[in-house]
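**Q** Below are the chains, spelled out letter by letter.
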Amino acid sequence: MSMIEIDGLNVWFGHGPDRVDAVKGAAFTVEPGESFGLVGESGSGKSTILRAITGLAPDWSGRISIGGRALTGHKRDRAFYRQVQMVFQDPYASLHPRHSVDQVLSETLQLHGFRDIDARVVRLLDDVGLGQKFRFRYPHQLSGGQRQRVAIARALAGEPEIVLLDEPTSALDVSVQAEILNLLTDLREEHKLTYLMVSHDLPVIGHMCDRLAVMKDGEIVEVMAVGALRAMQAQHPYSQSLLEASIAPGSRSA
Amino acid sequence: MTLLDVQDLWVKFPTRQGIFEAVRGVSFTLGKERLGIVGESGSGKSMTGRAILRLIRPPGIVEADHVALEGTDLLGLSEKQMRKVRGERISMVMQDPKFSLNPVMRVGDQIMEAYLLHNQVGKAEARAKSLEMLQAVSIRDPERVMRAYPHEMSGGMGQRIMIAMMLIPNPQILIADEPTSALDVSVQRQVLNIMDDLVKQRGMGLIFISHDLNLVSEFCDRVLIMYAGRIVETCAADRLHEAQHPYTRGLLNSLPRLDQPRRKLDVLTRDPAWAEVPSVGGKA
Ligand SMILES: Nc1ncnc2c1ncn2[C@@H]1O[C@H](COP(=O)(O)OP(=O)(O)OP(=O)(O)O)[C@@H](O)[C@H]1O
Ligand SMILES: Nc1ncnc2c1ncn2[C@@H]1O[C@H](COP(=O)(O)OP(=O)(O)OP(=O)(O)O)[C@@H](O)[C@H]1O
Ligand SMILES: [Mg+2]
Ligand SMILES: [Mg+2]
Chain A
1 MSMIEIDGLN VWFGHGPDRV DAVKGAAFTV EPGESFGLVG ESGSGKSTIL RAITGLAPDW
61 SGRISIGGRA LTGHKRDRAF YRQVQMVFQD PYASLHPRHS VDQVLSETLQ LHGFRDIDAR
121 VVRLLDDVGL GQKFRFRYPH QLSGGQRQRV AIARALAGEP EIVLLDEPTS ALDVSVQAEI
181 LNLLTDLREE HKLTYLMVSH DLPVIGHMCD RLAVMKDGEI VEVMAVGALR AMQAQHPYSQ
241 SLLEASIAPG SRSA
Chain B
1 MTLLDVQDLW VKFPTRQGIF EAVRGVSFTL GKERLGIVGE SGSGKSMTGR AILRLIRPPG
61 IVEADHVALE GTDLLGLSEK QMRKVRGERI SMVMQDPKFS LNPVMRVGDQ IMEAYLLHNQ
121 VGKAEARAKS LEMLQAVSIR DPERVMRAYP HEMSGGMGQR IMIAMMLIPN PQILIADEPT
181 SALDVSVQRQ VLNIMDDLVK QRGMGLIFIS HDLNLVSEFC DRVLIMYAGR IVETCAADRL
241 HEAQHPYTRG LLNSLPRLDQ PRRKLDVLTR DPAWAEVPSV GGKA
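Heads up: the protein sequence lines correspond to chains A and B, in order.
Quick note on numbering: the UniProt record's numbering labels position 253 of the first sequence as 253, and the sequence is numbered without any gaps.
Quick note on numbering: the UniProt record's numbering labels position 125 of the second sequence as 125, and the sequence is numbered without any gaps.
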């Protein structure tokens, strides 16, 4: 049984002349423990697919099932959020400015119904490589990379099986990006996580994912294995052009 | 020809622990060229760009020997004269595009307002020009985008709208702070081509701030590499991959690569001594 199964997914916003068909007939599956990438044109519907899964896009049709359970509408129950968590692109906007790291994590743990809050906060901070000295800091006292670690700790609090990652490192510089990607690699191994990850950076997807889907104008034009990506063997003309554009002359001679 | 000459620029913030020096004595020139600034988070890239335009909010302090735009020291201008410089001669694309747009105003009204401020034309023409500019930055359905609000735009669409707006005044110098970080490679290329044309055909000077070393290496003419508020190394952009400083090498090695898969990426180990070496000059 697939961990995530998307079939014939349509997502739209607005009505009449302003209706946007953001996702049209998307289909793919993600197996347990797999890391699956979504790449493609800006505005092609990548973030919208993640939002439809988490119930943040009200109008959709088709089939989304998580762990064999089909989702309906845009209300998601507690069991869903225990199984699926999302990390957003912007580490600055996604944390409440007046809540300390301790508050963020404790409250999340309480919502998930845990009792041993204190021990779990300690463990989460260790898991994401922050340690106890960050426990009582506020967001403005953290660098961009440290904030993103807190956001990841919050996502892991409910012990999810699936983590949805929307451009988790595109706002971060390359050295911090390397730390966060290494962290995500370790966490996936330790906790047997399944990732669905959006990025416009093909080398990042190549590093993190087993397979990927290429999107253009709301549609998935191709699903490929990471080996094909590395070997520059895309089938669809759009994926081919994306691959060609991504190998800058400089990146070969590094 | 030198458009901008920055000599011994400092940016300081008083904090409870004393004065924090975000930029510590950097000097460089900008001609009709594409000058890249790279460096890790917090190294002072954005503060350098903002200081040129005198956009550092108090209690922050800007000090310099001079920041000269074609011979005129910007630090000596009145706030009123400075507003004219910002409106007409130097534009800046800020790092956080969505925060720079007004959330309760339609995208089209914002672009048209900016256009009308700089051009004596009627509404119909302003509208036509706005549509043209959105098309120029590869927005597919400009009519819909004109009617939309910023929150209805994807990450990369917001970024492109900001770029279109900054090009309206036809500036002599464009400071672009991470202008393409949310764009896929093909759209990124189109946006870079627009900036490239302005540099080559209209003689604009471009300061291109980015953490994407490959992009800067490929797109720019010269690069300044910043660490802890100083320039630690400068080089011709196409030689960035031969850079010598261990910090620059560390940044280059932390990039994932399609042709060389590895399980773990290299992480930068910083040497406190790097911050102590005086700034390298960045004059052409
Ligand atoms: N709330 C909304 N209302 C109206 N349209 C929306 C809304 N959210 C997204 N859209 C539209 O849906 C389309 C897909 O947007 P989405 O954010 O999924 O793109 P994306 O692939 O993530 O792009 P990027 O790489 O630029 O982030 C875009 O045309 C966008 O304008
Ligand atoms: N108002 C302020 N008070 C105190 N310190 C500040 C203030 N604004 C910025 N700084 C500090 O100045 C330093 C330089 O910031 P700057 O924004 O120039 O970094 P950057 O190189 O652009 O980094 P990034 O890649 O993350 O955008 C940082 O350490 C930052 O924390
Ligand atoms: Mg997106
Ligand atoms: Mg910055």
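Simulated from the structure, these hints should not be mistaken for lab results.
Treat each hint with caution, since some may be false.
Below 30 angstroms or equal to it, Euclidean Cα-Cα: the simulated BS3-like pairs (lysine-lysine) are [to be verified]:
hint: 1; chain 1: A; residue 1: Lys-75; chain 2: A; residue 2: Lys-192
hint: 2; chain 1: B; residue 1: Lys-283; chain 2: B; residue 2: Lys-200
hint: 3; chain 1: B; residue 1: Lys-264; chain 2: A; residue 2: Lys-133
hint: 4; chain 1: B; residue 1: Lys-283; chain 2: B; residue 2: Lys-84
hint: 5; chain 1: B; residue 1: Lys-264; chain 2: B; residue 2: Lys-200
hint: 6; chain 1: B; residue 1: Lys-283; chain 2: B; residue 2: Lys-32
hint: 7; chain 1: B; residue 1: Lys-264; chain 2: A; residue 2: Lys-192
hint: 8; chain 1: B; residue 1: Lys-84; chain 2: B; residue 2: Lys-12
hint: 9; chain 1: A; residue 1: Lys-133; chain 2: B; residue 2: Lys-129
Listing some non-contacts, in silico: residues in chain B with all C-beta distances to chain A over 12 angstroms [said to hold, decoys possible]:
hint: 10; residue: Gly-71
hint: 11; residue: Lys-80
hint: 12; residue: Ala-126
hint: 13; residue: Ala-128
hint: 14; residue: Ser-210
Beta carbons: idealized from backbone N, C-alpha and C, even for Gly.
**Q** Mind verifying the non-interface call on B/Lys-80? Its CB should be farther than 12 angstroms from each CB in chain A.
**A** Nearest chain A Cβ is 33 angstroms from B/Lys-80, so the label holds.
**Q** Is the claim that B/Ala-126 lies outside the interface with chain A correct, judged by CB distances over 12 angstroms?
**A** holds (21 angstroms)
**Q** Hint check: A/Lys-133 vs B/Lys-129, CA-CA at most 30 angstroms. Holds or violated?
**A** Distance of about 54 angstroms is beyond 30 angstroms: violated.
**Q** Regarding the pair B/Lys-283 and B/Lys-200, is the alpha-carbon distance no greater than 30 angstroms?
**A** holds (20 angstroms)
**Q** Take a quick look at whether B/Lys-283 and B/Lys-32 sit within 30 angstroms of each other, Cα to Cα.
**A** Holds, at roughly 13 angstroms.
**Q** Would you assess whether B/Ser-210, listed as outside the interface, keeps its beta-carbon beyond 12 angstroms of every beta-carbon in chain A?
**A** violated (10 angstroms)
**Q** With a cut-off of 30 angstroms on the C-alpha distance, tell me whether B/Lys-84 and B/Lys-12 pass.
**A** Given that 30 angstroms is the threshold and the Cα spacing comes to 25 angstroms, the pair holds.
**Q** For B/Gly-71, is the shortest beta carbon distance to chain A beyond 12 angstroms?
**A** Nearest chain A Cβ is 35 angstroms from B/Gly-71, so the label holds.
**Q** Are the Cα positions of B/Lys-264 and B/Lys-200 separated by 30 angstroms at most?
**A** violated (41 angstroms)
**Q** Hey, B/Lys-264 versus A/Lys-133, does the alpha-carbon distance stay inside 30 angstroms?
**A** Between B/Lys-264 and A/Lys-133 the Cα gap is close to 26 angstroms, so the pair holds against 30 angstroms.
**Q** Going straight from one Cα to the other, do A/Lys-75 and A/Lys-192 come out at no more than 30 angstroms?
**A** holds (27 angstroms)
**Q** Minimum Cβ separation between B/Ala-128 and chain A greater than 12 angstroms?
**A** holds (19 angstroms)
In terms of the numbered hints stated before, the structure departs from hints 5, 9 and 14, listed from lowest to highest.
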